[in-house]
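Going down the list, the protein sequences come from chains A and B.
In this text, residue positions in the first sequence follow the working numbering: the first is 453, and each later residue adds one.
In this text, residue positions in the second sequence follow the working numbering: the first is 140, and each later residue adds one.
These are calculated hints, taken from the structure and not from any lab test.
Please read these numbers as outputs of a predicted model, since none were measured by experiment.
A hint or two may mislead.
Straight-line distance between alpha carbons at most 20 Å, and here's what the computed SDA-like set of lysine to any residue pairs gives [what the hints assert, rightly or not]: (1) Lys516/B / Asn648/A; (2) Lys241/B / Ala465/B; (3) Lys531/B / Asp507/A; (4) Lys448/B / Glu408/B; (5) Lys747/A / Glu375/B; (6) Lys230/B / Pro517/A; (7) Lys354/B / Arg628/A; (8) Lys516/B / Trp657/A; (9) Lys471/B / Glu408/B.
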Amino acid sequence: VASRVAGGRWWRWREPGIRGHQAAAGWLFLAPVIVILGVFLVVPIAMAAWVSVSDWNGNGSPFGPNAHYVGLENYRHLLTTPGLDQSNFGTSIRNNFYYVVLVVPIQTALALFLAVLVNRRVKGVGFFRTAFYFPSVTSSVAITVLFLFLFDPAGAINKLLSFFGATGPAWFYDPRGLFHVILAQFGVHQSSSLSNQFFLGVSYWDWLAGPSIAMCVFIIMAVFTTSGTFMLIFLAGLQHIDESVNEAAALDGATEWKKFRYITVPAIRPVLFTVVTLGLIGTWQVFDQIYVGTKGSPLNTTLTPAFLSFNTSFNSNNWGVGAAIAFILFAIIVFLTGATRLLTRNPDRVPRRRRFGPTQGPGDPNASRVASATSGDAP
Amino acid sequence: MVVALAVTAGTALGSSQNRTATTITALIGSSGPAETFAVTNAAKAFTKQTGIQLNVIAASDLGQQLAQGFASGNPADIFYLGNDQVATYAKAGDLASLDNLKNVKSFYPSLRAAYTYQGHLYAAPKDFSTLALVINTNSWKGAKLTSKDYPTTWKQLAAVAKKLTRNGQVGLCTNPEFHRLGVFMLQAGGWLVSKDGKTATVNSKANLAAFNFVKSMINAGSMKLTNQIGAGWGGEGFGKKECAMTIEGNWIAGAMKADYPTVPYKAVELPAGPAGKGTLQYDGGWGLAAASKNKAEAMAAISYLTQTKVEMGNAKAFGVMPSVVADAKEWKKLYPQYAAFLTGGTYSTSIPTVPDIATVLGDFNQQLQGLPQSDPKSILNRVNGELQSILK
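Required output: the full structure, derived from the provided sequences and hints.
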């Protein structure tokens with residue numbers, strides 16, 4: 453028995469061992485972060501989740517007697533019940549969709565382009581790096597106010613256009629969809645077959661409207677303000693590329709474009725994922741520009757889910773529906789982040805099943821850790 | 140350092156004097172420094188008279204701050220409350236009834252009605268505004284029009300707007316929203332809801348006639364919506380001389396004085412439509428939080444702030460019209476140039492006191508921004524459906 457106790461494994465878990473006290477110390481060091489994340493992240497999310505399935509009316513605590521569980525009623529109200537809330541929600545999804553579809557590719561491409569430009573060793577590159585980054589450090593509220601003046605119907609932009617003999621639109625006041633405007637140029641106007649069918653309370657014809665002229669200004673503004681940040685992230689990625697690889701390619705006679713296509717882009721693939729993901733999250737949550745600039749006007753064409761969620765909660769006192777909008781928005785962002793991960797993963801990598809096959813066993817301490825770290829790859 | 144010490148000492152003294160006094164808080168959505176100053180002064184006078192400490196906080200976003208207060212269970216004791224929100228909050232149980240307010244009989248009956256939800260008064264009217272036709276007198280003379288030509292019918296309105304559309308100026312401009320264009324609905328004999336308030340009547344024939352009239356003026360080029368001329372509101376388009384006439388409330392006086400002091404103007408009553416005169420009325424009031432711990436003191440504060448003397452002081456400070464009937468004569472004597480606004484109060488209509496009405500009217504406003512391009516009938520049908528769904 454004595455030998456079993458001394459050499460046996462069955463009680464080893466009791467032994468503090470060399471790392472035993474470190475665990476306690478680790479938790480102690482982590483405690484501030486856990487408390488902060490808990491108070492400012494986990495608890496509010498849990499509260500919002502509860503509000504989204506309750507009929508809380510904003511009076512007193514959401515856990516008090518004024519709130520009752522209503523199941524998925526708020527989600528049903530938004531997604532399947534025709535009415536103002538549904539059509540507002542559909543409109544906001546449409547607006548934000550066009551915003552994302554235009555902003556993310558343009559800002560990513562522009563940021564990469566700028567990063568490649570300022571990655572060279574030329575004189576005065578520091579100035580350009582600062583200049584391109586400058587709009588990103590300015591507060592979005594200040595930039596919005598600036599754009600309100602610039603794009604005023606009698607503002608600088610339209611003055612400039614009139615200098616070239618063109619008449620600018622009323623920008624922030626113009627609710628016409630960009631695609632509708634283009635279609636009208638070809639003589640295509642509202643067709644009744646598309647106007648009479650609805651999805652999420654918005655007619656098919658209106659789904660095809662494209663971003664309104666007012667939304668286009670926000671799109672320009674987003675590209676202007678965020679390209680600098682992403683340029684910086686790309687620049688960090690570019691500087692990690694070993695110069696010798698480029699030199700070897702140059703010796704083999706690769707053109708600039710080929711070097712970019714076959715060396716730079718594969719090398720910064722993880723950075724590309726980061727930039728696109730951050731871009732998707734930022735653009736789906738656009739709020740402050742709308743709050744300061746237009747509050748959803750004109751004709752609800754700059755209404756976004758984030759602003760609608762705020763408005764439904766705080767101004768319409770419809771907290772459950774407002775929280776439900778926030779959670780649907782959350783689901784959209786999680787889904788798109790997963791999709792981006794799939795699209796930007798390295799196609800040359802060994803498939804997961806084969807990668808760890810020979811060594812992976814139930815006793816392999818690394819197996820679960822590696823598997824969980826790469827689980828994002830799983831389709 | 141010395142200043143800090145003095146302040147601390149002062150605070151300490153002050154608090155020791157009022158140790159037993161209650162403190163109540165008033166949250167206001169102020170139109171500007173003049174209003175904040177006037178209300179703060181009235182609060183100070185109230186404290187001096189009663190010993191109850193009344194702190195005034197000017198909100199940066201009243202709706203949001205109120206909502207936060209209600210949710211925390213610790214809202215401001217009294218606060219500004221528009222009649223478009225009163226039913227929403229009353230339904231949620233956020234408001235205490237003011238049926239027992241001391242001076243409840245002194246207000247205009249129409250104002251009391253605008254703040255009554257399910258038989259109880261939920262805010263004390265403090266002031267109100269109506270819409271009138273504001274005319275640039277220089278443009279008026281320039282178009283060879285005289286005081287005999289002030290329009291009293293739709294036909295005359297269309298005629299003078301046409302005459303005033305000259306020299307790059309459009310005859311009439313106004314916000315593309317129900318809160319302005321709704322006056323034509325009233326003049327045509329239409330309204331949002333039926334007399335008993337149970338049925339939505341937004342798509343009635345009268346309302347359609349009203350918007351067809353507006354559209355005919357837009358199509359004739361003698362009227363523009365402010366989003367067509369790039370102005371934020373009618374007062375801006377009017378002040379910048381983009382238009383010769385606008386439909387606005389008495390708050391335009393402050394903006395004209397501050398921003399466009401060189402534009403001479405006159406306010407006249409809106410013309411009558413096929414069904415007679417009509418204008419919209421906007422009400423300001425004081426609400427009392429159901430969660431307030433000092434209801435009696437808060438009630439006393441509301442009584443004080445809605446009495447004749449204070450309301451006339453506010454009228455002089457920031458140009459509102461008093462909610463107290465007894466003040467009308469003095470107000471008219473002081474401001475003969477704005478008499479049209481007060482006269483409008485004799486036949487004006489407030490927004491129905493229905494929960495969520497602000498949300499529906501918000502969508503009506505959004506839809507009307509597209510009025511020049513769209514069919515009024517489809518807008519009215521849409522809003523009618525939305526309104527009916529909250530009336531049930």
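Now for the hints, and whether the structure bears them out:
no. : hint                : result
1   : Lys516/B / Asn648/A : holds, 15 Å
2   : Lys241/B / Ala465/B : holds, 16 Å
3   : Lys531/B / Asp507/A : holds, 18 Å
4   : Lys448/B / Glu408/B : violated, 28 Å
5   : Lys747/A / Glu375/B : holds, 19 Å
6   : Lys230/B / Pro517/A : holds, 15 Å
7   : Lys354/B / Arg628/A : holds, 18 Å
8   : Lys516/B / Trp657/A : holds, 18 Å
9   : Lys471/B / Glu408/B : holds, 14 Å
Hint compliance for this structure: hint 4 is the single one not met.
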